[in-house]
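Those protein sequences? They're chains U and E, same order as listed. Here the first sequence is numbered in UniProt numbering, starting from 1 and rising by one per residue. Here the second sequence is numbered in UniProt numbering, starting from 1 and rising by one per residue.
Hints in this document: simulated from the structure, not taken from any laboratory. Incorrect hints may appear among the rest.
Derived DSBU-like pairs (lysine-lysine); straight-line CA-CA distance at most 35 angstroms [what the hints assert, rightly or not]:
{"#": "1", "chain 1": "E", "residue 1": "Lys94", "chain 2": "U", "residue 2": "Lys91"}
{"#": "2", "chain 1": "U", "residue 1": "Lys103", "chain 2": "E", "residue 2": "Lys365"}
{"#": "3", "chain 1": "E", "residue 1": "Lys249", "chain 2": "U", "residue 2": "Lys20"}
{"#": "4", "chain 1": "E", "residue 1": "Lys346", "chain 2": "U", "residue 2": "Lys58"}
{"#": "5", "chain 1": "E", "residue 1": "Lys14", "chain 2": "U", "residue 2": "Lys103"}
{"#": "6", "chain 1": "U", "residue 1": "Lys103", "chain 2": "U", "residue 2": "Lys72"}
{"#": "7", "chain 1": "E", "residue 1": "Lys249", "chain 2": "U", "residue 2": "Lys167"}
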Amino acid sequence: MDMKLLIVEDDKDSASYLVKAFRESGHVADHAADGLDGYALAREGDYDVLIIDRMLPKLDGLSLIHGLREQKVETPVLILSALGQVDDRVKGLRAGGDDYLPKPYAFSELLARTEVLARRRRSGPAEETRYRVGDLELDRLSHQVTRAGKPVDLQPREFRLLEYLMKHAGQVVTRTMLLENVWDYHFDPQTNVIDVHLSRLRGKVDKGFDRPLIHTVRGAGYMVRDGAR
Amino acid sequence: MTALGKLFRTTAFKLSLAYLVIFTLFAFFLLGYIAFNARRLIADQVASVVEAETQGLAEQYMAGGLRRLVEIIEQRSRQPGASLYLVMGPGGDKLAGNIGQLPPDLLNQTGQRQIAYFHNDDDRRPHMALVRIYDLPSRVKLLVGHDLAEADRLRSVIRRAFGWSLSLVVILALLGGWFVTRRVLGRIDAMTDTTRGIMEGNLSGRLALSGSNDELDRLAVGLNAMLDRIEELMTGLKEVSDNIAHDLKTPLTRLRNGAEQALRTAQSPDDYRQALEGTIEEADNLIRVFNALLMIARAEAGSAHDGVSDFDLAEMARDVVELYEPVAEEAGVPLTLDVPPGLRLKGSRELVGQALANLVDNAIKYAPRPLDPGAAPNAQPGVRVSAATRGDAVEIAVADGGPGIPAADRNRVLERFVRLEGARTRPGFGLGLSLAAAVARLHGGVLRLEDNEPGLRAVVALPLPSGGA
Numbered sequence: 001m002d003m004k005l006l007i008v009e010d011d012k013d014s015a016s017y018l019v020k021a022f023r024e025s026g027h028v029a030d031h032a033a034d035g036l037d038g039y040a041l042a043r044e045g046d047y048d049v050l051i052i053d054r055m056l057p058k059l060d061g062l063s064l065i066h067g068l069r070e071q072k073v074e075t076p077v078l079i080l081s082a083l084g085q086v087d088d089r090v091k092g093l094r095a096g097g098d099d100y101l102p103k104p105y106a107f108s109e110l111l112a113r114t115e116v117l118a119r120r121r122r123s124g125p126a127e128e129t130r131y132r133v134g135d136l137e138l139d140r141l142s143h144q145v146t147r148a149g150k151p152v153d154l155q156p157r158e159f160r161l162l163e164y165l166m167k168h169a170g171q172v173v174t175r176t177m178l179l180e181n182v183w184d185y186h187f188d189p190q191t192n193v194i195d196v197h198l199s200r201l202r203g204k205v206d207k208g209f210d211r212p213l214i215h216t217v218r219g220a221g222y223m224v225r226d227g228a229r
Numbered sequence: 001m002t003a004l005g006k007l008f009r010t011t012a013f014k015l016s017l018a019y020l021v022i023f024t025l026f027a028f029f030l031l032g033y034i035a036f037n038a039r040r041l042i043a044d045q046v047a048s049v050v051e052a053e054t055q056g057l058a059e060q061y062m063a064g065g066l067r068r069l070v071e072i073i074e075q076r077s078r079q080p081g082a083s084l085y086l087v088m089g090p091g092g093d094k095l096a097g098n099i100g101q102l103p104p105d106l107l108n109q110t111g112q113r114q115i116a117y118f119h120n121d122d123d124r125r126p127h128m129a130l131v132r133i134y135d136l137p138s139r140v141k142l143l144v145g146h147d148l149a150e151a152d153r154l155r156s157v158i159r160r161a162f163g164w165s166l167s168l169v170v171i172l173a174l175l176g177g178w179f180v181t182r183r184v185l186g187r188i189d190a191m192t193d194t195t196r197g198i199m200e201g202n203l204s205g206r207l208a209l210s211g212s213n214d215e216l217d218r219l220a221v222g223l224n225a226m227l228d229r230i231e232e233l234m235t236g237l238k239e240v241s242d243n244i245a246h247d248l249k250t251p252l253t254r255l256r257n258g259a260e261q262a263l264r265t266a267q268s269p270d271d272y273r274q275a276l277e278g279t280i281e282e283a284d285n286l287i288r289v290f291n292a293l294l295m296i297a298r299a300e301a302g303s304a305h306d307g308v309s310d311f312d313l314a315e316m317a318r319d320v321v322e323l324y325e326p327v328a329e330e331a332g333v334p335l336t337l338d339v340p341p342g343l344r345l346k347g348s349r350e351l352v353g354q355a356l357a358n359l360v361d362n363a364i365k366y367a368p369r370p371l372d373p374g375a376a377p378n379a380q381p382g383v384r385v386s387a388a389t390r391g392d393a394v395e396i397a398v399a400d401g402g403p404g405i406p407a408a409d410r411n412r413v414l415e416r417f418v419r420l421e422g423a424r425t426r427p428g429f430g431l432g433l434s435l436a437a438a439v440a441r442l443h444g445g446v447l448r449l450e451d452n453e454p455g456l457r458a459v460v461a462l463p464l465p466s467g468g469a
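Bound conformation, chain E alone:
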């Protein structure tokens, strides 16, 4: 598309064109109205002047006869700016007056009319005049008229004014349209260029702001926020696929090696059975890792919103604690619950439940066993699950008296598959805390890891539903 073609297609240009047409029509109408009324006014005025003069001359004729009339007319004709006069004798001959010969049949008509006349018989250019023809007694005809040049002058003045104003309207509209179009087009072109760059893969590109906070700026701010979110999701997705690729390859290799090993060395059906059972177990572990990763990814993408409901936090915490209570008891770790009733949350009970379950599961794993010689002497016995409102958030805390997590590692352990040195010998995949953190973020909250002095205090802070607890 040519630059001109592009200009014609812009909204700004179309708007300017519409305004141009409207202003032009308006100017036409206004000037036309003025011209029409002014002409009528002048015509009326001329007509009444002519009428009055005719009457006056007729009276003079009645009083002083033809001689008197001719005298007066000759005198008036000499004055500058005089009216038009013509007196004709009974034979149709010109007795007095300041205009040239007229067609004789014209004088046979009486009353007011417009005629073309010549100043004298040599005059070649006709002039327009409004005349009144009056039959005097003794077959004398009197013609009194007024030149219409004045009306013509007015008409040309108006025509000139019209021309000027029209050109001004057109020039202003074109200039304005061009200016607006160029300004808006320039910014939209810049936006188009940026978005094309983003589509071609430069995900960190953002639309420029003019700083005027106009509608284009607001649009750019909105689009930029959208782009931020998209980039975040893309980065998350990339991380997930990288991690999946990396972390599923290891167990897959193990699975394959185990099967190969069995094929090579197995002697009896029992050996095969054992190898196959090992294979199924490995496969099940893979599936669990895979499910956990998918769940984290979906929680992070904010797409697990279908299961959102209003649920009782105390009830949910009690359910989770009750689910893990026999496990804790078996491990000799007392599990205590301290959650005030009546705390309600809006979110996915399933996901928050799983997050809490992961934290409790972790805490039971790391809490000191009774009579453990390695435990800190002042350690809190067992695992404590508590909840409290702080400000406009609910904080659910799971605390244990185990080894804890050094401050330097607290952010790192929230990442997927990160397991600290001491944890590698225990069962788990390194996804529990990542999932809890993702669930907290999905609900607009945060997972904090604090020092329980000694031990770990994992706090899930979730915003209370607006409109009271």
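Chain U on its own, in the form it takes in the complex:
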């Protein structure tokens, strides 16, 4: 899936780094250097995701997002900010942002989050009640998980973990995204807690099958995908 992105960022070096990195990942990225240019481009162009820095010349990031939402431009927005505290995040999301990434960030993290937002836009708000990856099936209503027709017994949190991974099947999901979406925490847990949870889940889902479905993406996170296809 290739995306068309708009990066609104006033720092030239960061912006050209991002544009280049997104192009290398097979996406198209435009760049605006201030809030007003960003606003104009975002209204005209048909972008999948807007990546907006919070502090911008001429029009700050939050006002820019607010203005777009008032004009019924519903393109998903990812806010980049040097302010990373809980209340800053809350302010950003309240202004109409869809995700918030504090600087400095790893590009793999930004890419993973951008892809999740882009796909959410394309698939629309309709939520499936059943996810299927290979021979793994997850029923969101009955909370049943089966692999090759046999039930897999999961703890509630393991279920939510798998649910989130399967919802974004084929996409990289980072550890921070898992902590945010499955545990609703935004802090750095210091230890590799998420990895331990994943290896447990893997033990229940993939153990005893030749074809693993939960994959580790080196330096980025995890991905659920049917390896054969």
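Use these hints to put chain E onto chain U, whose structure you have.
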């Protein structure tokens, strides 16, 4: 600004001036009213005396003729404090009386009037009198009058009283105003001097109290409390920046050295890749330290208040324990939870969660591993997370049976970047306990480190929301 100019600008001086004007106007009005009424009273009295005497004399004339009248008038004129009399014959000549000649046309008018008269013909100074002129039969004219000197005396008495009272009001108001102004001004000047000293950098300066607990004292107490808080924050900020400078320089140097080393010695793309990966890892660690420091600083500054909500402590503790449970299991350390349901806290779930996570993370790191020969024989196995209310506080305790922290070091380990000897070989930055302590303080509570005999028992005591648990 001159001292006088400053005085004129003070509130106290303006108030005194306003009171001075009000009192002066009041004195004017009161004395004026008294003077006006007193004069009218005297005038009425004089008029009725004159009228009565005229009538009496007229009757005497009717009964005894001109001779009788002249006799009586001459007799009355000799008495001290006598009224004024004048009897004129038909030719306009003075027959009797105790005043000098009057202009003849005056006597052609009748009725009561005020005139100026002279005691005798040599008198140079006119006197004011109220007179009644009466036409008697046979063209004789009778004038009876009363000197108005009494009314004049009254007027001057009142004028004097007015002068005195006015000067007294002015003097008192000026004195009072000066006193109040000086007193208040003196204290405000002292406050201004102190605040200027503080602005110039003497952060430990405080406003002096007079001890009277008046409004200026209360203001000073409030301002002093504010200054205490500012100084505390400034000290905290300074410490943070000192620590950041110190503790980020070491890893930054390492980062730089690693990159330099790679440039010098790397032979193959693999070497470069390895060096770059090492660099990214170092950078990530730096970012984590930096984030933790910022979070501590903000928690200590009390500025993380936006995320405050009402949350269930048991639920939060369960979440944290569940998050760490696989880690504990992997380490072979049983993690148990004993938190009664229904405990609610008001605060930032995110921050309290992180504080608890830090404590659990620490406890798992230091809890004795199964079959560890170094563990104390009576040590509690695993890590126990519990909560209980004590008084008006909730105490969340995380206990392990590890090496513990010697009593002497318990305060020190709460400081940033402090790591005890045994801990240096384990992963971590020495910020976990500092953050937990800062979060506890932000919520009006405290982090206590106790002896678990053996091991460490870290207790976060947080005040219950007022109005019941």
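> Broken hints, numbered, in rising order?
Replying inline: Structure breaks hints 1, 4, 5, 7.
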